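There are 2 protein chains.
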Amino acid sequence: MRNIALVIAYDGTNYHGWQCQPNAVTVEEIVREKAARILNHPVKLRAAARTDSGVHALGQVVNIHTESTIEPSGLLRGLNSLLPQDIRVMDGRDVAEDFDARYSTRSKVYIYCILNQRFNSPFLARYALHMPYSLDPVPMRDALHHVRGEHDFSAFKKKEELYKSTVRHVLRTAVSRKGHIIYVVLEATGFLRYMVRNIVGTLILVGQGRIDGGDFLDILESRRRESAGPTAPPHGLFLRRVKYGTVL
Amino acid sequence: MRNIALVIAYDGTNYHGWQCQPNAVTVEEIVREKAARILNHPVKLRAAARTDSGVHALGQVVNIHTESTIEPSGLLRGLNSLLPQDIRVMDGRDVAEDFDARYSTRSKVYIYCILNQRFNSPFLARYALHMPYSLDPVPMRDALHHVRGEHDFSAFKKKEELYKSTVRHVLRTAVSRKGHIIYVVLEATGFLRYMVRNIVGTLILVGQGRIDGGDFLDILESRRRESAGPTAPPHGLFLRRVKYGTVL
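Order-wise, the sequence lines are chains W and C.
Quick note: the first sequence uses the numbering used here, first residue 1, plus one each step.
Quick note: the second sequence uses the numbering used here, first residue 1, plus one each step.
Since the hints were made in silico from the structure, they are not lab data.
Predicted model only: the values in this text are computed from it and were never measured.
Do not rely on the hints blindly, as some may be mistaken.
Examples of chain W residues lying across from chain C (beta carbon under 7 Å, computed) [stated by the list, open to error]:
| no. | residue |
| --- | --- |
| 1 | A9 |
| 2 | Y10 |
| 3 | N80 |
| 4 | Q85 |
| 5 | R88 |
| 6 | M90 |
| 7 | D94 |
| 8 | F119 |
| 9 | A125 |
By construction, the Cβ of each residue, glycine as well, lies at the ideal position given by its N, Cα and C atoms.
Next up, chain W with everything else stripped away, as it sits in the complex (with noise of 0.2 Å):
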């Protein structure tokens, strides 16, 4: 049996996530029925990550099982042929057969920008949370630092979400300023539901110098979703990039 990774990109305005469910558009439902129609059988992605309601993706990973003997070249072309110009499938190439998008996953980058200036931008306001007023990006690096390493990010998770563990392990944080954007980059080897939302919104209170980098750590350890920040829109951030071993 055939295993083909493929690499889709997609802007999350019009979607209800990557996942399927009644009653709304998914990126997901699409890319399934596009890949059906060309492998001529019903199909099942496996994919890195769920993104939620107008987030959006710039590296997810899907693998779907086929016997089909298409050439990978030949399924992204007829892909993006079908696929609505939203939607890009930006690689694609045969794996091995025991590879799974999303448990062979090393980590996941997700990547939050804020577009900080007095007036929004007509070319970004679908893709960066405006923040009119003056935030600083240095106080919000050094107390972003505090969530590297294996931390229970109970704090940072969405209210109702239940999971086994709420530990997590971020392996890298950065926030940087270019112009007039903030980019908040995380990585880690999983993350939880609204986890980057609920950092970045409690973020944004530090580089406003409403809490410092003590509070914020403070949040932290705290593992009540209460004293934290509230969650920062969707539409901000992207799933930059997922990692895996060898294979892609």
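Using the hints provided, position chain C relative to the given structure of chain W.
Frame of chain W, contents of chain C only:
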């Protein structure tokens, strides 16, 4: 009589260009209507450039004569609260009574964006021309040098358009590649209609190796529109900036 200059950015995707026309929604019409509502009198807008249908602007400049005593900052806030998300007023200030956004210009800067990678990007599809096959920016840059200075640009004008003079003065040109995007920059004291898009359409032939820099110069000197390449589509074009003397 007060004279207020505004700097306007817009995503041209959903508009039939800048200038008012019957039976089509234009950026001018929208801005004029909102400005009239705030200033409480009919408004005439003088604009630096009449961008064509689908062309974007980062720094269109207009001026408005008014007797209103509103602060420029209040006018900006008011306009941005009424305008749709794809039109933003980025700056505004009182200027000399004889300042005319159209006739006081020293030069205008346009940028054309080409996405040169195999598949289009869901995020750039509306803002860059997608060219899947390899383009070499180096001969493009060298060829574009030929348009610097004063020339008769008849070869690059819109066919049916009539002018008293088709001579224009190009001050600066640049072609650069950053990642997968090729930026073509043209600064001139004035432009003929379609001039940038016709130059870019011809420059792409150079980037593909189908013609060389000498052929490009021959086309310029031929003054015949028929000898030049096709008109590049509007969605890659941005009015970047309008320069005035000391005023803006």
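Here is how each hint holds up against the structure:
no., hint, result
1, A9, "holds, 5 Å"
2, Y10, "holds, 5 Å"
3, N80, "holds, 6 Å"
4, Q85, "holds, 5 Å"
5, R88, "holds, 5 Å"
6, M90, "holds, 6 Å"
7, D94, "violated, 18 Å"
8, F119, "holds, 5 Å"
9, A125, "holds, 5 Å"
Violated hint: 7 only; the structure is consistent with all others.
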